[in-house]
Amino acid sequence: MSIKCDEWIRRKVKEYNMISPFSPEQVRFSKSEKIISYGTSSYGYDVRCSNEFKIFTNINSAIVDPKKFSQASFVDLVSDVCIIPPNSFALARTVEYFRIPRNILTICLGKSTYARCGIIVNVTPLEPEWEGHVTLEFSNTTPLPAKIYAHEGVAQMIFLEADEVCEVSYKDRGGKYQSQEGVTLPKI
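Quick note on numbering: the sequence shown equals residues 1460 to 1647 in the numbering used here.
Just so you know, the hints here were simulated from the structure itself, not pulled from any lab data. Only a predicted model underlies this, so the values are computations on that prediction, with no experimental measurement involved. Be aware that one or more of the hints could be misleading.
To be verified - EDC-like mimics (lysine to aspartate or glutamate), calculated; alpha carbons at most 16 Å apart, straight line:
1. K1635 - E1586
2. K1463 - E1484
3. K1570 - E1586
4. K1646 - D1465
5. K1635 - E1590
6. K1606 - E1484
7. K1630 - E1596
8. K1606 - E1620
9. K1471 - E1596
10. K1463 - E1596
11. K1490 - E1626
12. K1606 - D1622
13. K1471 - E1492
14. K1606 - D1539
15. K1630 - E1590
16. K1471 - D1622
Stated by the list, open to error - Distance windows between CB atoms, simulated:
17. C1625 - N1519: 24 to 32 Å
18. K1606 - K1490: 12 to 20 Å
19. K1490 - C1625: 18 to 26 Å
20. A1531 - R1487: 37 to 45 Å
Just so you know, even glycine gets a beta-carbon here, dropped at the ideal spot from N, CA and C.
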């Protein structure tokens, strides 16, 4: 017997407390106004962006170096909207906290609503037994300022379930981004 994907997601969330907070249905309205949807979709889960942002700035003429990343390269913002300068980027985090089971790999894809505006969402895969708030990167590829809405959908998580559990999980390796909360900068 097969089950529908949206039902599979609801079962896994209940079994592992995989997504918190969790919306079992897709939400498209807030206080009778249209929003960019979030929640359970046909084959995944659409995550929301929190209101915590780090906007890239070059006022200090810093060099972007993943081995020595400087907090001075960002301006912190707490707001319901984030304006990303032209040809720049911002970091944010999901509202949702994830606990990925040992036999599941999660892949994140940007929502087409933002992609059609030249805003690219980048997130690396969520490996088996990783947990935390997901750090999101928004790249504004346009020559114009771009707006990101907090508390609305920004990306879709796709879950791939293996027949067997992995031999070594992210937790087993002591991954450097395990249990991250808030917007997390690069680490080595």
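A quick look at each hint next to the structure:
1. K1635 - E1586: Cα-Cα ~12 Å, so holds.
2. K1463 - E1484: holds, 14 Å
3. K1570 - E1586: Distance ~21 Å between K1570 and E1586 Cα, so the pair is violated.
4. K1646 - D1465: violated, 35 Å
5. K1635 - E1590: holds, 11 Å
6. K1606 - E1484: Since the Cα atoms of K1606 and E1484 sit roughly 26 Å apart, the hinted pair is violated (cutoff 16 Å).
7. K1630 - E1596: violated, 23 Å
8. K1606 - E1620: Not OK: K1606 and E1620 at ~34 Å, beyond 16 Å, violated.
9. K1471 - E1596: violated, 27 Å
10. K1463 - E1596: Between K1463 and E1596 the Cα gap is close to 31 Å, so the pair fails against 16 Å, i.e. violated.
11. K1490 - E1626: Violated: K1490 and E1626 sit about 46 Å apart, past 16 Å.
12. K1606 - D1622: violated, 41 Å
13. K1471 - E1492: Violated. K1471 to E1492 sits at ~31 Å, over the 16 Å cutoff.
14. K1606 - D1539: Given that 16 Å is the threshold and the Cα spacing comes to 10 Å, the pair holds.
15. K1630 - E1590: Between K1630 and E1590 the Cα gap is close to 9 Å, so the pair holds against 16 Å.
16. K1471 - D1622: holds, 15 Å
17. C1625 - N1519: 24 to 32 Å: violated, 41 Å
18. K1606 - K1490: 12 to 20 Å: holds, 19 Å
19. K1490 - C1625: 18 to 26 Å: Because 43 Å falls outside the window, the suggested range is violated.
20. A1531 - R1487: 37 to 45 Å: holds, 39 Å
Checked against the numbered hints given earlier, this structure breaks hints 3, 4, 6, 7, 8, 9, 10, 11, 12, 13, 17, 19; the rest are met.
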